[in-house]
Amino acid sequence: MSNSKQINDPVIRISGLSKTYAGSDKPAIDNLSLEINAGEVYGFLGPNGAGKSTTIRLLMNFLAPSKGYASIRGFDVTKDSLEIRKSIGYLSGDFAIYPKMTGRQFLQYMADLQGGVSMSVITNLARKLDADLNKKLGELSRGNRQKIGIIQAFMHNPQILILDEPTSGLDPLVQETFYELLREAKKRGASVFMSSHILSEVQKTCDRVGIIRAGKLISEDDIAEMTAEAAETFDIIFATATPIAELKALDGASVKRVSDKEVTVHMHGRLSPLFAILAKHEVSKIEVHNLDLEESFMHFYEKKETK
Amino acid sequence: MKPIIKWGFWQRRWSTALWTLSVVAFILLNLVFYPTFKDQAAELEKSLANIPEAAVQFLGGKDFFSPVGYLNSQVFFIMLPLLLSILAISLGSKLLANEEQNHTIESLLARPISRSRLIIGKMVIGLAIMTITTLAILISTVLITKMVSIDVPIQNIAVTTLGCFLLALSFGAIAFLLSALGKARALSLGLTSTIAIGGYIITSLATTVTWLDIPSKFFPFEYYKSELMLRGTYNWTDMLVLLTITVVCGVLAWFSFRKRDIY
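Line by line, the protein sequences are chains A and Z.
Each residue of the first sequence is one higher than the last, beginning at 1 in our numbering.
Each residue of the second sequence is one higher than the last, beginning at 1 in our numbering.
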C-alpha cells in the first residue's frame, strides 16, 4: 500500500459512475456510487444483466465510463490504470484460455507480464487447488480451468482482488479452498470486490453486500439481513391430503400445489411455523433445496421497492 | 512488451514454419520445370498468341519463357503476392481480434501492460513472422533460380521480394487496423480480402480498360509491378506508397485501440 496516494482513503471508490453502451439509450449502470475499505470483502450481488460485470470492467478500464469517476488506491481507473494493475488480481466472469497452452505455460506467460512472480507460489497454489498444470487448457473441464483462473488472480499476492463469479464451475471442496484463499488474502490486508450469485458463498466470505438491479445500486447491507430474507424451497409429499390452507396462511410462505399430496413451499424468514404444521400431518417425503438467491433477490427487490 | 512478443511468437511457431515451408515448396515446384519449358518456348508461345489482351494481363504479360518472364509469371506476378497476402491478412485479422473475440485480452490487460505496448507487441509479432517467411522465400528463390539457370540478377529478385513483402504487409496492416477499430475478425478478414482480390482484378483490367485507371490508384496492387522490379526498372515511389499505407494503418490502429472499449 506504500504507493497509495491517500492511505486512509477507501481502497475502491466509485462515484456517480454511469455507462451507456454505444447504440443503447438505456444505461448499463446508472449513477453508481460505493466505497470499499482496506481489508474488506465486498460482495456485489444482482441478477444477470444487472450491471455487475459492467462495473467490474469499468474498474479494470476495459470500458470507459460515460459519466462519473472511479478510483482504486486513490488512482483514477482511466488515467492511472497501469499503476493500478500492478496491485490487482483479476478473474473475469467467463475466464478465457489459450486452448493449446498448458496451465503451466499460461501461468508463466501471466507471470512474465506481471513481473516478480515466483513459480513456487504458483506451484503452491496449484497444489492447494489440486490443479493440473501439465494438461493443455483446452482439455480441461470448466472447473479445472477456473482453478487456473484463480491461481493467476492470486499468484502475485495482490492487494486488491476483483473477482467476477469466482467459484462458477468449482466443486464444493475446491470452493472451500477458494474461501480459504480469500480469508488468507483478507488476513494480509487485501481488499476484495467480488460478484456472486451464491448466497452461501457471500455469507461465508463477505463483510458487506451491495445489491444492483438494472444498473442501480438499490441497497448496501449487512450480510445478516440478506440471509434473513433468503428463501428456502421445500418439496413436500404428504401421506394424506395436503393441508394447503394451513400452509398458505404461513407468514413468508409461497405455496404451489403440485398434486393432491405434493406441494412446493418457498419459505422466507423463520422456518419453525412450517415445521409445526408438518408435525401435525403425516409426511412421506421432504426435500430441501439450497437457498435460491435469484428468488431471494426478487423478494428482496420487491420489498425494497415497496419501502 | 517482451512477454507479448515471446509468447505470441511461441503460439505461432509451427504455423509459421509450415507456411514458410509450403511457400518455399510452391516456388520450388514452379521453377524446377523451367529447363523443360525453355526448350519448348517457341511452340508454347505460338499457342499463347491467340489469348485476348485482357486475359494476358491477368497472367502477367506476354513474356512467359524468358528468365524474367518465367520467374514473374510463375512466382512474383500473382501467386507469391497472393500467398504472402493470405498470411499477412490472416495475421492482421487474428493477432488482436482473436484475443478480443476469445476474451483472452482481459487476462493480458489485467496485467501492468499498457494498451500501446500490447498493440505494438502484436505488430512486432506480425512483422517478425512476415520477415522470417519473406527471407526464407528470398533465399530459396535465389538458390532455386541458380539451380535451374534462371538468369535474373540477385538484387532484382531481392527488390521484387521486398515489393511483394510490402504489398502483403499493406494488406495485413489494413486488416490489423480494422480489428483494432473493434471490427469482428470475419469482417476484417473479408473486407481486406476483397480489397486485395478486387484490387488485383481492377489493376489488371486497368491496362486495357482506360476508365479503371483512376480507381486502380486506390488499391495497393497498383503499386506492385513485379515485372519492372525483376527487370531493374522499378519506380521506388511506388514502394514508398506501399510503405506509407502500412505505416498509416499501423499508427491509426495504435491510436484507435488506446482508448476504445474492449467488449
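Because the hints were derived from the structure by calculation, they are not lab data.
Certain hints may be false.
[Unchecked claim] Some chain Z residues judged to face chain A by a derived CB distance under 10 Å, without partners named:
#1 Trp10
#2 Lys38
#3 Asp39
#4 Gln40
#5 Glu99
#6 Arg185
#7 Leu187
#8 Gly190
#9 Arg231
#10 Asn235
[What the hints assert, rightly or not] Cut-off 30 Å, straight-line C-alpha distance, at most; resulting in silico cross-link-like pairs (DSBU-like, lysine-lysine):
#11 A:Lys100 / Z:Lys225
#12 A:Lys86 / Z:Lys217
#13 A:Lys136 / Z:Lys259
#14 Z:Lys259 / A:Lys216
#15 Z:Lys6 / A:Lys100
#16 A:Lys216 / A:Lys26
#17 Z:Lys94 / A:Lys100
#18 A:Lys26 / Z:Lys259
#19 Z:Lys259 / A:Lys135
#20 A:Lys136 / Z:Lys94
C-beta atoms are modelled at their ideal positions from N, C-alpha and C, and glycine is treated no differently.
Outcome of the hint check:
| no. | hint | result |
| --- | --- | --- |
| 1 | Trp10 | holds (8 Å) |
| 2 | Lys38 | violated (46 Å) |
| 3 | Asp39 | violated (49 Å) |
| 4 | Gln40 | violated (48 Å) |
| 5 | Glu99 | holds (9 Å) |
| 6 | Arg185 | violated (15 Å) |
| 7 | Leu187 | violated (16 Å) |
| 8 | Gly190 | violated (22 Å) |
| 9 | Arg231 | violated (45 Å) |
| 10 | Asn235 | violated (44 Å) |
| 11 | A:Lys100 / Z:Lys225 | violated (41 Å) |
| 12 | A:Lys86 / Z:Lys217 | violated (48 Å) |
| 13 | A:Lys136 / Z:Lys259 | violated (33 Å) |
| 14 | Z:Lys259 / A:Lys216 | holds (25 Å) |
| 15 | Z:Lys6 / A:Lys100 | holds (16 Å) |
| 16 | A:Lys216 / A:Lys26 | holds (12 Å) |
| 17 | Z:Lys94 / A:Lys100 | holds (16 Å) |
| 18 | A:Lys26 / Z:Lys259 | holds (22 Å) |
| 19 | Z:Lys259 / A:Lys135 | violated (36 Å) |
| 20 | A:Lys136 / Z:Lys94 | holds (21 Å) |
The structure shown violates the earlier hints numbered 2, 3, 4, 6, 7, 8, 9, 10, 11, 12, 13 and 19.
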